[in-house]
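The opening residue of the sequence shown carries number 14 in our numbering; numbering runs sequentially from there.
I should point out that these hints are in silico values taken from the structure, not numbers from a laboratory. There may be inaccurate statements among the hints.
To be verified - In the SDA-like style, the derived pairs of lysine to any residue whose C-alpha atoms are separated by at most 25 Å in a straight line are:
1) K62 x S36
2) K17 x M37
3) K18 x D48
4) K18 x T46
5) K61 x G29
6) K40 x L19
7) K40 x G29
8) K61 x F22
9) K18 x P47
10) K18 x V63
11) K40 x R26
12) K17 x V63
13) K62 x D50
14) K17 x K62
15) K17 x S36
16) K61 x P47
17) K17 x T46
18) K17 x L49
19) K17 x V68
20) K61 x A32
21) K24 x D67
22) K40 x A30
23) K18 x P41
24) K24 x V45
25) K62 x L49
26) K40 x L66
27) K62 x M37
28) K17 x A32
29) K40 x K62
30) K18 x M57
31) K40 x A25
32) K62 x V43
33) K24 x M37
34) K18 x M37
35) K17 x D48
36) K17 x P47
37) K17 x G38
38) K24 x V63
39) K62 x D48
40) K18 x I52
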Amino acid sequence: MASKKLTRFEKARIIGARALQISMGAKPRVDVTPDLDPIDIATMELQKKVLPLDVRPREMHKKAG
Numbered sequence: 014m015a016s017k018k019l020t021r022f023e024k025a026r027i028i029g030a031r032a033l034q035i036s037m038g039a040k041p042r043v044d045v046t047p048d049l050d051p052i053d054i055a056t057m058e059l060q061k062k063v064l065p066l067d068v069r070p071r072e073m074h075k076k077a078g
């Protein structure tokens with residue numbers, strides 16, 4: 014199965030979900046400095062491909078016609 018490039022909406026959803034986890038106390042999977050906020054950390058994790066989240070593709074709705 015070929016890897017699918019994430020859409021901007023999927024990226025936003027993943028970063029938001031991971032940032033929430035980090036803000037609630039989850040340990041970051043990248044080296045961070047104290048001045049980084051959870052969104053920056055989640056973005057770094059996505060760029061380094063170490064996010065502990067997975068995206069499952071949704072089935073597209075067929076157009077009636």
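Keeping to a limit of 25 Å between CA atoms, is the pair of K18 and I52 held or broken? Within the cut-off at roughly 20 Å; holds.
Are the Cα positions of K62 and D50 separated by 25 Å at most? 18 Å, holds
Run the distance test for K18 versus V63: straight-line Cα separation, threshold 25 Å. It holds: about 16 Å lies between the C-alpha atoms, which stays within 25 Å.
When you check the alpha-carbon spacing of K62 and S36, does it fall within 25 Å? With Cα atoms ~20 Å apart, K62 and S36 stay inside 25 Å; holds.
Given the hinted pair K17 and S36, is their alpha-carbon gap at most 25 Å? Roughly 28 Å separates the two Cα atoms, so the pair is violated.
For the pair supplied as a hint, K17 and D48, confirm whether the alpha-carbon distance does not exceed 25 Å. At roughly 33 Å apart (the allowed maximum being 25 Å), D48 and K17 break the hint.
If you draw a straight line from the CA of K17 to the CA of P47, is it 25 Å or shorter? 33 Å, violated
Holds or violated: K40 with R26, Cα cutoff 25 Å? This hinted pair holds, its Cα atoms lying about 19 Å apart.
K17 paired with L49 [C-alpha distance capped at 25 Å]: 29 Å, violated
Regarding the pair K61 and F22, is the alpha-carbon distance no greater than 25 Å? 19 Å, holds
Regarding the pair K62 and M37, is the alpha-carbon distance no greater than 25 Å? 21 Å, holds
Pair hint K24 and V45, alpha-carbon separation not exceeding 25 Å: Answer holds: K24 to V45 is near 20 Å, not above 25 Å.
The structure fails hints 2, 3, 4, 9, 15, 17, 18, 34, 35, 36 and 37 (numbered hints given earlier, in ascending order).
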